[in-house]
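*Asks:* Take the sequences, apply the hints, and build the full model.
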Amino acid sequence: MLFAALFLPRFSLQAVLRFRDDLRGKPVALVDDAASKGRVVEASGAARKWGVFEGMASTQAMARCAGLALLPRSIEQERVVEQILLEIAMSLSPGVERTAPGVCTVDLRGAQIPDRERWGADVVDRLGALHLEARLGMAGAPDLALLAARTAAPVLIVRDSLAFLAGRGVAEISSSPELLRILHDWGIRDLGGFARLPKSEVASRLGPEAVKIWEQAAGKSERLLKYVRPPELFEEVFEFEHEIETLEPLLFLLRRFIEQLSLRLQGAYRVASEMSLALPLENGESHARLFTIPSPTADVETLFRILHTHLDGRRLEHRPVALRLAMKAANPENRQLQIFENALRDPNRFGETLARLAALAGSDHVGTPQAGETHRPGSYRLLAPSFESDESTLLAEEPPERGIGLPLRRYRPPHPAKVALERSRPASVFSQPASGIVSGSFGPYRLSGEWWDAATWEAEEWDVELAGAGMYRLSRRGGEWTVEGCYD
Amino acid sequence: MTADAPLYSLAEIAAGASSPEAVPLSPQAVKVADLRRILQEKFPARPAPKEGYFRTGLESIDRERGLPRAAVTEICGSLGTGSLLIAALARAAHRARSFCALIDGGRSFDAFDLGQPVLKRLLWVLCDGAEQAVKAADLLLRDGNLPLILLDLQPLPAIQLRRIPASTWHRFHRVAEQGNAAFVVLTPRPMIEGARVRIAAESRWRLDAMIAPRRALIETLELKIFDRGMGKGIGGPEFVAALDRHLKAG
Numbered sequence: 001m002l003f004a005a006l007f008l009p010r011f012s013l014q015a016v017l018r019f020r021d022d023l024r025g026k027p028v029a030l031v032d033d034a035a036s037k038g039r040v041v042e043a044s045g046a047a048r049k050w051g052v053f054e055g056m057a058s059t060q061a062m063a064r065c066a067g068l069a070l071l072p073r074s075i076e077q078e079r080v081v082e083q084i085l086l087e088i089a090m091s092l093s094p095g096v097e098r099t100a101p102g103v104c105t106v107d108l109r110g111a112q113i114p115d116r117e118r119w120g121a122d123v124v125d126r127l128g129a130l131h132l133e134a135r136l137g138m139a140g141a142p143d144l145a146l147l148a149a150r151t152a153a154p155v156l157i158v159r160d161s162l163a164f165l166a167g168r169g170v171a172e173i174s175s176s177p178e179l180l181r182i183l184h185d186w187g188i189r190d191l192g193g194f195a196r197l198p199k200s201e202v203a204s205r206l207g208p209e210a211v212k213i214w215e216q217a218a219g220k221s222e223r224l225l226k227y228v229r230p231p232e233l234f235e236e237v238f239e240f241e242h243e244i245e246t247l248e249p250l251l252f253l254l255r256r257f258i259e260q261l262s263l264r265l266q267g268a269y270r271v272a273s274e275m276s277l278a279l280p281l282e283n284g285e286s287h288a289r290l291f292t293i294p295s296p297t298a299d300v301e302t303l304f305r306i307l308h309t310h311l312d313g314r315r316l317e318h319r320p321v322a323l324r325l326a327m328k329a330a331n332p333e334n335r336q337l338q339i340f341e342n343a344l345r346d347p348n349r350f351g352e353t354l355a356r357l358a359a360l361a362g363s364d365h366v367g368t369p370q371a372g373e374t375h376r377p378g379s380y381r382l383l384a385p386s387f388e389s390d391e392s393t394l395l396a397e398e399p400p401e402r403g404i405g406l407p408l409r410r411y412r413p414p415h416p417a418k419v420a421l422e423r424s425r426p427a428s429v430f431s432q433p434a435s436g437i438v439s440g441s442f443g444p445y446r447l448s449g450e451w452w453d454a455a456t457w458e459a460e461e462w463d464v465e466l467a468g469a470g471m472y473r474l475s476r477r478g479g480e481w482t483v484e485g486c487y488d
Numbered sequence: 001m002t003a004d005a006p007l008y009s010l011a012e013i014a015a016g017a018s019s020p021e022a023v024p025l026s027p028q029a030v031k032v033a034d035l036r037r038i039l040q041e042k043f044p045a046r047p048a049p050k051e052g053y054f055r056t057g058l059e060s061i062d063r064e065r066g067l068p069r070a071a072v073t074e075i076c077g078s079l080g081t082g083s084l085l086i087a088a089l090a091r092a093a094h095r096a097r098s099f100c101a102l103i104d105g106g107r108s109f110d111a112f113d114l115g116q117p118v119l120k121r122l123l124w125v126l127c128d129g130a131e132q133a134v135k136a137a138d139l140l141l142r143d144g145n146l147p148l149i150l151l152d153l154q155p156l157p158a159i160q161l162r163r164i165p166a167s168t169w170h171r172f173h174r175v176a177e178q179g180n181a182a183f184v185v186l187t188p189r190p191m192i193e194g195a196r197v198r199i200a201a202e203s204r205w206r207l208d209a210m211i212a213p214r215r216a217l218i219e220t221l222e223l224k225i226f227d228r229g230m231g232k233g234i235g236g237p238e239f240v241a242a243l244d245r246h247l248k249a250g
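Listed in order, the protein sequences are those of chains A and B. When you number the first sequence by my numbering, it's gap-free, plus one each residue, and the end is 488. When you number the second sequence by my numbering, it's gap-free, plus one each residue, and the end is 250.
None of these hints come from the bench; they were simulated from the model. Since the structure is predicted, the reported quantities are computational estimates derived from the model, not experimental observations. Every residue gets a Cβ at the ideal spot worked out from N, C-alpha and C, and that includes glycine. Treat the hints with care, since some could be wrong.
[As the list claims (entries may be wrong)] Below are the DSBU-like pairs computed for lysine-lysine, each with C-alpha atoms no more than 35 Å apart in a straight line: (1) B:K135 to B:K224; (2) A:K328 to B:K120; (3) A:K199 to A:K226; (4) A:K328 to B:K135; (5) A:K212 to A:K226; (6) B:K120 to B:K224.
[To be verified] Computed, partial: chain A to chain B, Cβ under 8 Å: (7) L344; (8) R345; (9) Q370; (10) Y411; (11) D488.
*Replies:* Written out as structure tokens, the structure is:
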């Protein structure tokens, strides 16, 4: 039997300091105004050296250490770190328990781990790459593994539980002052001494709670893990101390986010298919945008470029107070190109170019044309291009050229015209693009549609040739003439 | 030494060395080798000129190998053939199972009789004037994903076209050389200095063209091709003057 416990010491503080390189190694204390007003919840190692400890009033802490940085606790960032810890744990085994904030217990029964020290060090390194300082303990029982993790530096494998417990204080597993006092009076200082007491005597003298602690001390506690199945959520959150006014710090943090998320995705053998960016603003609103990634990837540069393109030159009405980036994971594409296929060489770059084109010409002016669901002349709509080759388009035969006549070059909008009629046919045209005597004409072509709707329309069209001035399409709607376009 | 083995390695040629069995190089050959070495050292990043042509399906163009890739082609002529050519080129892209982009400077494209399979492979960018169209072309050329890019400037007024600086076209030449796209610009008159291929399209259609099959119209398109790469065009003012004469005569 084998269990591993992953432990993040000073969990809340680590969550806040993950992206604060400027505060690494400096005295920092975390204050939770919601739980204990003005009191220190967690303090960094440097702060402890100055005599700053948990439970101390923030004013007292500041008095002890003038350079102390007081930071508010961030539940959101703690949630993200909790998720990361679970992700890493889930990558080790499907049996994972969320034991406590910053603590996961992993069921490794049945796992073949030849070199446990190296394996543990790798896990700690993976968390280190995500800017988390972790400790790992491995033992035959879950509680023993946690006890080992708490004292690990950073990996501790318990092979002989009694020898391991012999040097541990009882206070390490029990917080009951009553029990600690009694054991102290009995002269029992460590877990080894406590475990040597007969279990039946402990039960009769100290009660069932003490038996549980005895079982832990003796390495005989066998509890069932409460397995969790966390949702696949690749997200990073950062709450700024002050509102952000320029793009640079935002981009800096975004790159860090993407690097972290990319690492996490790669750890799960996944890639990002969508990115969701949210910038909560100081006025309570939020600037949110969803990016679909044309070719799902975990490449940092590609993902960063998509966000950079979106944010570059964008001006927000209010300043952001936080940054949230989430990625939707997908399986990597393993598609073999077909022999006659001419797929896009870099779909992500193409997606970025489309975004730039949309910014330049307007999002409703870039796309793949599709005829509208109407017979109204010139009606079209633009769809988001999907230049992915599929079987149907690859095998589709080229549609035969069955068109008649010349294609029309449309004027958008049509030009108003004055048209003189002779025997009910256009005889001369006067308009901005074309004027002259009509030397020949085809028509009228009478069109109508949507008569069942308020948007009903009706038109009469003529194809005319102006003497020496080309051919045009005229249209009459409600008595008004327009030049719809020219033929070329 | 086997028959296939080179007489000299490149380093030996560059150094002017010779093997006892080989015929000594002439001083001119050594100079050429030196020159090549110097050029290679001075311009290491210079990409090798790309070859390749985009087949259009138009007999008169494909007879001259097609539209050159990694180069700028100018199709010029007054209104009369532009839309027909755009439709033909979009069909050619579909036939080649590739994609194409149409940058529509005058928002005039109306080719829904192309059929949905062809349109599915077309990226249509509706631009508001020449300046925006040129910027869009720049983005698509630099993107390097699409093998055929059409920039339609034909319906735009002359005043807008005159505002496009000549340096824009020089930049497009450079950018096109880096990629592999056939970049086709449709203009009302010759205006792209140094275009690799200029095609003068001039067909005066009469009203009876409106009842003729499209295929027959495409086959009877009158196209004059001036390919600098083939040594047929002379470029520069003489070329423009000759082309102008041709267009006026048409």
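*Asks:* Kindly indicate which numbered hints from before are broken by the structure, ordering the numbers from low to high.
*Replies:* none
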